[in-house]
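Given these sequences and hints, build the entire structure.
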Amino acid sequence: MGSIAWSGKDVLSILDFSREDLETLFETADDFLKRPGSVPKTLADRIVATAFFEPSTRTRLSFSTAALKLGAKVIDLSPDVSSVLKGESLSDTIRMLQSYSDLIVMRHPSEGAALLASEVSDVPIVNGGDGSQHHPSQAMLDLYTIRRLKGRVDGLRYAVVGDTRYARTAASFLYGLAKYKPASVYLVSPEGLRMRDEVKNSIRKLGLRTEELDTLEPVLGKVDVIYMNRIQKERFPDPNEYEKVKGSYRITKSLLSGAGDAIVLHPLPRINELAYDVDDLPNAAYMEQARLGVPVRMALLHLVMGGGAR
Amino acid sequence: MSEREKMLVQKISDGTVIDHVSAGRALSVLRLLSDPQDRGVTVALVMNVESSKMGRKDILKVEGVELTDEQIQKLALIAPLASVNIIRSYKVSKKKRAVLPKTITGVLRCTATTCVSVREKDSVPSVFFLVSTLPLVYRCKYCGRDLSEREISGELG
Numbered sequence: 085m086g087s088i089a090w091s092g093k094d095v096l097s098i099l100d101f102s103r104e105d106l107e108t109l110f111e112t113a114d115d116f117l118k119r120p121g122s123v124p125k126t127l128a129d130r131i132v133a134t135a136f137f138e139p140s141t142r143t144r145l146s147f148s149t150a151a152l153k154l155g156a157k158v159i160d161l162s163p164d165v166s167s168v169l170k171g172e173s174l175s176d177t178i179r180m181l182q183s184y185s186d187l188i189v190m191r192h193p194s195e196g197a198a199l200l201a202s203e204v205s206d207v208p209i210v211n212g213g214d215g216s217q218h219h220p221s222q223a224m225l226d227l228y229t230i231r232r233l234k235g236r237v238d239g240l241r242y243a244v245v246g247d248t249r250y251a252r253t254a255a256s257f258l259y260g261l262a263k264y265k266p267a268s269v270y271l272v273s274p275e276g277l278r279m280r281d282e283v284k285n286s287i288r289k290l291g292l293r294t295e296e297l298d299t300l301e302p303v304l305g306k307v308d309v310i311y312m313n314r315i316q317k318e319r320f321p322d323p324n325e326y327e328k329v330k331g332s333y334r335i336t337k338s339l340l341s342g343a344g345d346a347i348v349l350h351p352l353p354r355i356n357e358l359a360y361d362v363d364d365l366p367n368a369a370y371m372e373q374a375r376l377g378v379p380v381r382m383a384l385l386h387l388v389m390g391g392g393a394r
Numbered sequence: 004m005s006e007r008e009k010m011l012v013q014k015i016s017d018g019t020v021i022d023h024v025s026a027g028r029a030l031s032v033l034r035l036l037s038d039p040q041d042r043g044v045t046v047a048l049v050m051n052v053e054s055s056k057m058g059r060k061d062i063l064k065v066e067g068v069e070l071t072d073e074q075i076q077k078l079a080l081i082a083p084l085a086s087v088n089i090i091r092s093y094k095v096s097k098k099k100r101a102v103l104p105k106t107i108t109g110v111l112r113c114t115a116t117t118c119v120s121v122r123e124k125d126s127v128p129s130v131f132f133l134v135s136t137l138p139l140v141y142r143c144k145y146c147g148r149d150l151s152e153r154e155i156s157g158e159l160g
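Taken in sequence, the protein lines are chains A and B.
Each number in my numbering comes from the position in the first sequence (counting from 1) with 84 added on.
Each number in my numbering comes from the position in the second sequence (counting from 1) with 3 added on.
Honestly, the hints are just simulated from the structure, not real lab data.
Incorrect hints may have been included.
[Unchecked claim] Mimicking SDA-like on lysine to any residue, the simulated pairs with C-alpha atoms at most 25 Å apart in a straight line are:
hint	chain 1	residue 1	chain 2	residue 2
1	A	K330	A	Y270
2	A	K289	B	T114
3	B	K105	A	E282
4	A	K93	B	F132
5	B	K124	A	E172
6	B	K124	A	D94
7	A	K284	B	F132
8	B	K105	A	E203
Right, dumping it as structure tokens:
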């Protein structure tokens with residue numbers, strides 16, 4: 085896969101980006117972190133619209149912060165007080181938003197919503213998560229965090245823990261990881277939360293080999309990165325199925341005593357799968373991961389809006 | 004068609020003969036023809052006859068109706084090996100083969116309830132791409148979910 089032309093590109097899935105593209109993104113984010121006083125006003129006189137049809141804290145706010153830092157003005161569609169409540173279609177909502185703004189960052193509960201939006205929009209669409217498969221900017225910042233804290237992504241051993249069935253962060257992270265050469269990837273989840281076949285087949289076709297485990301213990305001390313995921317209660321078709329698996333995995337300070345220098349990532353929010361006593365450990369990297377969301381999303385907006393590599 | 008098959012039902016003067024339908028699929032194919040009995044159309048079904056090519060197969064003869072290209076496209080989804088003979092004055096006037104379309108729009112419905120093409124079905128036609136012919140698999144453009152031959156027959160039949 086060759087490098088893409090960044091300017092004007094929709095950001096729908098990390099699968100649409102090559103490793104070279106990701107490196108361009110990461111180097112641009114590095115530059116913004118290194119020289120905060122020299123951040124260009126790439127988005128001056130531009131309007132960025134955020135349209136989140138599902139709750140969000142970090143993704144929406146870090147995109148808004150990134151846009152503001154690049155000089156943009158930000159408008160926000162609140163589905164709970166807009167015509168979405170009256171039953172307006174996604175297509176009509178996006179057609180309206182694209183006429184008001186220069187770029188749209190969106191999140192939606194349905195798979196393919198960002199692709200549909202890109203088909204009706206003349207301005208770039210940045211997918212802030214749709215359904216249970218794609219959350220490209222999260223995967224980009226996950227890889228960037230690993231690159232910064234571990235110095236590389238290649239050659240490391242990874243454990244992706246928790247809801248690998250419905251967590252789009254898990255699927256997107258694995259799609260991103262497939263661009264690199266990890267030493268090993270373990271998918272750790274209880275039986276009911278195992279990865280769906282279509283995602284498993286996709287990552288296999290991308291050449292990423294994984295091994296499924298019931299618990300983290302057998303590989304603790306061997307892995308370099310522990311990527312935790314929350315059980316996605318809102319995506320279970322049957323609430324009874326959620327009740328069966330809730331609380332079925334949890335990482336605590338005492339469990340991590342055998343983790344060596346592995347870093348623990350989590351896209352957040354956490355419920356009870358990640359104990360608060362882990363926060364004090366040097367392994368805890370999830371707050372740094374959330375912080376790095378801003379420079380990575382700045383780099384993303386900068387490149388998509390024609391700012392060029394730095 | 005063998006002499007024995009020809010004996011099972013009489014020749015039609017004008018219409019369509021659909022041959023090489025996978026055994027057991029004739030009724031699904033019949034439903035594709037938008038309720039021919041409502042329009043007084045005569046239909047003959049021959050089911051589960053021996054076929055050197057397919058082992059067993061079904062055949063349909065539809066009097067007075069020529070299948071449209073759209074119907075033939077749908078037919079391919081239910082009976083990928085089917086051949087269509089258009090009959091005029093007791094003779095085969097045209098032979099058409101059901102060809103699986105590479106992209107099919109607005110015909111199939113995604114089985115993923117969370118797919119945007121399902122949730123926004125009033126404003127978004129479904130789009131499926133052909134992934135494999137044997138076994139038959141179509142993939143939803145929006146969510147990536149695969150539809151199997153059985154699911155496709157279930158939807159169309």
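Hints, verified against the model:
| no. | hint | in the structure |
| --- | --- | --- |
| 1 | A/K330 - A/Y270 | 21 Å, holds |
| 2 | A/K289 - B/T114 | 23 Å, holds |
| 3 | B/K105 - A/E282 | 20 Å, holds |
| 4 | A/K93 - B/F132 | 23 Å, holds |
| 5 | B/K124 - A/E172 | 13 Å, holds |
| 6 | B/K124 - A/D94 | 23 Å, holds |
| 7 | A/K284 - B/F132 | 19 Å, holds |
| 8 | B/K105 - A/E203 | 20 Å, holds |
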